[in-house]
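Throw the hints in and build the complete structure from the sequences for me.
Residues per chain, in single letters:
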Amino acid sequence: MIFLGLVPVLCSGLLGLAAGPLRRRLAPSAAAPLLALAALATSLATGVVLCLAGFLELARNPLVAVLGGWPAAGLRPWRLLPATWATVAGVAATVLLVSALGFLAQAICDLVRASRACGRLAGTAHRLRISPDEHPAAFTVPLRGAIVVSAGMLRLLPADERRALLAHEDAHLRRFHAGYVMAAALAAAANPLLRPVAREVRLTVELWADQLAAREVGDGRVVARALARASLGATGRPERSAVRLAAADTDVSTRVRALLSCAPRFRPWAAAVAVALALASAAVAVRLTVDLHDQVEIAQADSARALALRADDLRGYALWPAVAEAGRWTSLRVTAR
Amino acid sequence: MPPRPRGRQRGGLEREILACLAAAGRPMSPGEVRAELGDQLAYTTVMTTLSRLHAKGAVSRAPAGRGFAYELVGGPADAQASMTARRMLALLHGGGDRAGVLSRFVADLSPEDEQMLSDLLADSGPAGPGSSPHPGHDGEPRPGPA
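Sequence order for the protein chains is A and B.
No gaps in the numbering here: position 190 of the first sequence is 190 in the working numbering, and each next residue is one more.
No gaps in the numbering here: position 81 of the second sequence is 81 in the working numbering, and each next residue is one more.
Among the hints, erroneous ones may be present.
[Said to hold, decoys possible] Under 10 Å between C-beta atoms, here's a sample of chain A residues computed to sit facing chain B:
hint: 1; residue: Ala117
hint: 2; residue: Ala151
hint: 3; residue: Ala228
These aren't lab readings, by the way, just hints derived from the structure by calculation.
Quantities reported herein were computed from a predicted structural model and do not represent experimental measurements.
Even for Gly, the Cβ is constructed at its ideal location relative to N, Cα and C.
Below is the structure:
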């Protein structure tokens, strides 16, 4: 039972390790939703299992036991779980939940701020907004469904590469890429083992948008050149080298290589790995939840039966005249009940 | 030759024309826009799209010669817009603790990446990195099929 509880944790770890290889073996349009959903499932399952273990520790508390109506010694088959493990699980569950909520609050706050800021830019047509900034930048604002491109970026690129850039950003919006990225990032906030998955999803949506842009422009090399020119133009600003995640470094070269190489062979069976990991952890979480629920009901029933027995004993005592007198009831009324 | 493009998404051409006008930063005639886009577009297509953008209020036009010259509404030197752009960039560059809600076109580069990208541009395009961006070049010579 204890080892069953480790399955979601194990699955999260495996998914984290497998994310890169899976991404390389799947088409981006399949990899992004698959990885994001698998990350959500394993993350949720891990959270549920940790909460269950923490609950068991809590259930040993006499006050909680009285409120819940089960014996204070804890729930029976779960006594196997060492107390230290249960405590660690409870603390971990709390920390991870706070981390996930913190991420969610930060993300919503950032989204709203970006959306508001975007609303202040002069609106042009078809979701394109041009910021007057000289620094080359291009991004999408999901909540508003807008593409923001700086004037510096537009000046940097020749016409065909501009077209590739706009097609890339448009693909982000049309395929709801932000949703996949956010889902995976939330899963990673709730379960650090899944951080590599979030990173791969972020890269995957870029590859996906590159692919769609290449299809629209008709030549992957134009997209690659746009990417190269934009990246080189955007670096060389002092603030950019200050704080960045090291993981982002290789993304551009991966994307350029994907654009220049001929389409790699995709192996759909790789998807089965992610599905299996997600299903296994979900099944374990459901199984353990149902188990615990059953155990709680059994313990409550046992507890109630024990109470009823004790009540019978008490009624026997209550019939004694001396006790009845001390308690100021008539032995008759107790008998009537 | 590479396969023919699949064709633009809805609104793609309007966006491209807006981007073209923004890059130029000066009024352009439909002919100039067409030459700049360099995509075998019909003159009437460019013309129609420009008038549609004008009807939407995205571009302004002034008589020039026999026709009109079009310009992006809201000049690039709008102070408040600059502030806003700064703020959005701050969201982008906020560092690792940010949720990363905005997906950027470009990420940061390692020195090896930089070298590789420079080589790519040197191989395939006339405009190498660091050379001055020139918005006015139409019909960029394409690399031959590899």
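Results for each hint:
1. Ala117: 5 Å, holds
2. Ala151: With a closest approach of 5 Å, the Ala151/A hint holds.
3. Ala228: 4 Å, holds
In summary, the structure agrees with every hint in the numbered list given earlier.
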